[in-house]
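Below are the chains, spelled out letter by letter.
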Amino acid sequence: MEVVDNTEKRNKIWAFLTTGILILISLLYYKTNVYYIYLVAYIWFGFAYGMMLQYGRFCFASASRDLFAAGVPRMAVGILVALVFFSLIQATLASTNMSTFHPAPFGIHTLISGMIFGVGMVLAGGCASGSLYKIGEGNGTSFLAAFFGLCIGQAIFVDVKWFNFLVPQKWIDSAIAKGLPADKLTSSFDTYLAGYVWNQPTLQLSQTKTISEALPGAAKYFIGDSLLNALIPAAVLLIVIYAFYIRKGFMKKRAKAKGRAMGFSDEFTGIWNMITASKRTTIMGVIIGIVAGLHIFVMKGMQIKFGVTNFGQLLTRMGHASDTSIKGTVFDPGYWYITSQEGQFGAWILEKFGWNMRDNIFFGINNGIPEPWRNPALWMSFGIIFGAMVMARLNNEFKLKLPKGELIVWGLLGGLLMGIGSRPALGCNIGAFFIRVAGGDPSGWLYGIGMVAGAFLGVKFFNWWSERKMAKEMEAF
Amino acid sequence: MAMKFEKTGEGIYMLDVCGYVCPHPQIYTKKSLEKMAEGDVVEVILDNPSSVETITQMCDQVGHDVLDKKTEGGKIYMKIKKG
Chain A
1 MEVVDNTEKR
11 NKIWAFLTTG
21 ILILISLLYY
31 KTNVYYIYLV
41 AYIWFGFAYG
51 MMLQYGRFCF
61 ASASRDLFAA
71 GVPRMAVGIL
81 VALVFFSLIQ
91 ATLASTNMST
101 FHPAPFGIHT
111 LISGMIFGVG
121 MVLAGGCASG
131 SLYKIGEGNG
141 TSFLAAFFGL
151 CIGQAIFVDV
161 KWFNFLVPQK
171 WIDSAIAKGL
181 PADKLTSSFD
191 TYLAGYVWNQ
201 PTLQLSQTKT
211 ISEALPGAAK
221 YFIGDSLLNA
231 LIPAAVLLIV
241 IYAFYIRKGF
251 MKKRAKAKGR
261 AMGFSDEFTG
271 IWNMITASKR
281 TTIMGVIIGI
291 VAGLHIFVMK
301 GMQIKFGVTN
311 FGQLLTRMGH
321 ASDTSIKGTV
331 FDPGYWYITS
341 QEGQFGAWIL
351 EKFGWNMRDN
361 IFFGINNGIP
371 EPWRNPALWM
381 SFGIIFGAMV
391 MARLNNEFKL
401 KLPKGELIVW
411 GLLGGLLMGI
421 GSRPALGCNI
431 GAFFIRVAGG
441 DPSGWLYGIG
451 MVAGAFLGVK
461 FFNWWSERKM
471 AKEMEAF
Chain B
1 MAMKFEKTGE
11 GIYMLDVCGY
21 VCPHPQIYTK
31 KSLEKMAEGD
41 VVEVILDNPS
51 SVETITQMCD
61 QVGHDVLDKK
71 TEGGKIYMKI
81 KKG
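Here the protein sequences come in this chain order: A and B. The first sequence begins at 1 in this note's numbering and counts up one residue at a time. The second sequence begins at 1 in this note's numbering and counts up one residue at a time.
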């Protein structure tokens with residue numbers, strides 16, 4: 001009993017210590033320069049995301065994976081609930097000109113990219129955001145996936161020429177025609193980006209001719225972006241999940257308990273039961289949706305206050321222009337985002353080993369490579385880790401687990417696939433799926449379909465693998 | 001690293017998936033239950049909190065009973081009776 005009490009006490013001390021250190025760091029930033037409040041906002045939104053993700057076991061990998069592997073829709077439901085709330089807040093912000101959202105070029109690459117990411121997240125045991133919160137729980141496999149895959153793997157992927165054999169001549173011609181500095185157009189990914197992706201269309205429902213003409217004012221955001229792109233598809237998906245995974249079992253149990261024939265109202269009860277089956281996940285879905293919207297509001301407010309559109313401008317004002325790209329920008333999404341900042345961290349490390357990481361579009365022209373302590377989005381990722389760590393400590397769920405055996409292979413391979421899969425569509429489960437769907441960009445769904453298909457393949461593989469291991473174990477009896 | 005699935009008595013099994021992260025604990029639990037007879041009991045030992053939420057809901061949906069769930073020394077012990 002005393003051992004348990006001591007562990008609980010130690011966990012609480014660690015939780016308060018971690019929070020206290022982050023408060024101290026925030027105050028130091030503020031004292032150094034008021035502009036760093038912008039970065040501090042990222043830290044604390046990250047911290048909030050981390051706490052919520054850990055408490056709700058909120059992982060996009062488990063949404064499709066647990067559905068296919070165990071028939072459990074808990075997480076899929078949680079994500080759809082989060083989407084509903086986030087899209088309503090996005091629409092509110094867009095209608096008051098307070099949104100930082102921008103749609104992304106889409107095409108077949110969006111689907112393929114999602115698929116690669118989907119396989120990766122199942123192998124690694126967590127999506128991009130899930131891996132971060134699991135690092136906070138002490139999970140070493142997630143650390144391998146995030147560090148070697150999302151950080152180092154992603155940075156190398158955007159900088160190498162290894163994939164030139166896949167690049168058609170017309171992409172090369174199109175990239176050159178854009179007149180970019182030749183010393184920044186060196187990698188396979190550069191040619192793909194400038195020669196293919198930038199030529200693809202972007203779509204945000206509220207900005208289409210039909211919707212913007214038919215629905216003037218705020219209605220186009222609420223009906224176009226939120227209702228059509230997020231609410232209706234989310235409702236349809238909830239019904240499909242209910243029909244395929246829950247309905248049969250629920251109706252059987254309910255008919256037995258009630259002793260009567262089932263009707264339409266019982267279907268509604270069934271759907272509601274499914275939504276509330278895991279309260280902690282669903283409640284966190286609601287709160288995550290609201291906080292993600294609030295995050296956009298706060299970042300936009302700071303941009304207006306400081307008269308900037310990117311944190312790179314503030315870094316330049318503070319004398320740190322070397323952190324920025326040649327456009328004077330750094331990666332500063334203005335909302336919840338995961339992978340690009342990890343890529344920047346990977347690039348920063350590789351630069352220390354003499355690798356020139358600025359001779360490409362991704363870092364050289366768009367995102368820069370800030371020192372980690374001046375990288376706002378990277379601080380958001382650290383915030384997620386620390387927020388999850390505090391929540392896990394408070395619930396006595398923190399446990400340092402070093403990766404062993406096969407988990408090392410799955411972590412590295414999965415992380416690498418996530419790192420690669422997050423680049424071609426310019427985002428991951430958060431940036432390419434969650435944010436885009438809620439913002440009225442249908443390409444988010446395309447990425448989502450890819451992720452689900454990839455997860456299906458990953459689960460198929462793990463099913464085969466575990467069946468093999470079970471058979472070996474059962475030889476004894 | 002290895003998972004352990006042992007028969008510890010008549011109709012009683014033990015599944016140890018400590019060290020494993022998602023999705024392995026839930027997959028191994030599901031597969032163990034598939035291989036057991038109705039009424040058999042398995043004690044699942046794991047240390048991945050996220051999996052517990054999924055396993056609990058899986059049992060509820062399929063009709064297995066979670067007889068006991070406790071946490072000791074960073075490990076979670078779940079006793080499940082196949083329904």
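Keep in mind that the hints were calculated from the coordinates and are not lab data. Do not rely on the hints blindly, as some may be mistaken.
Said to hold, decoys possible - Derived coverage of chain A by chain B (criterion: at least 3 residues anywhere in the stretch with Cβ under 8 Å from a Cβ of chain B; other residues may be distant):
| id | stretch |
| --- | --- |
| 1 | 51-65 |
| 2 | 132-142 |
| 3 | 271-283 |
| 4 | 357-369 |
| 5 | 415-421 |
| 6 | 447-455 |
Built from N, CA and C at the ideal position, the CB exists for glycine as well.
Going through the hints against the structure:
1. 51-65: holds (count 5)
2. 132-142: holds (count 5)
3. 271-283: This one holds; 4 residues, not fewer than the three required, reach chain B with a Cβ under 8 Å.
4. 357-369: violated (count 0)
5. 415-421: violated (count 0)
6. 447-455: violated (count 0)
Consistency with the previously given hints fails for numbers 4, 5 and 6, ordered from lowest to highest.
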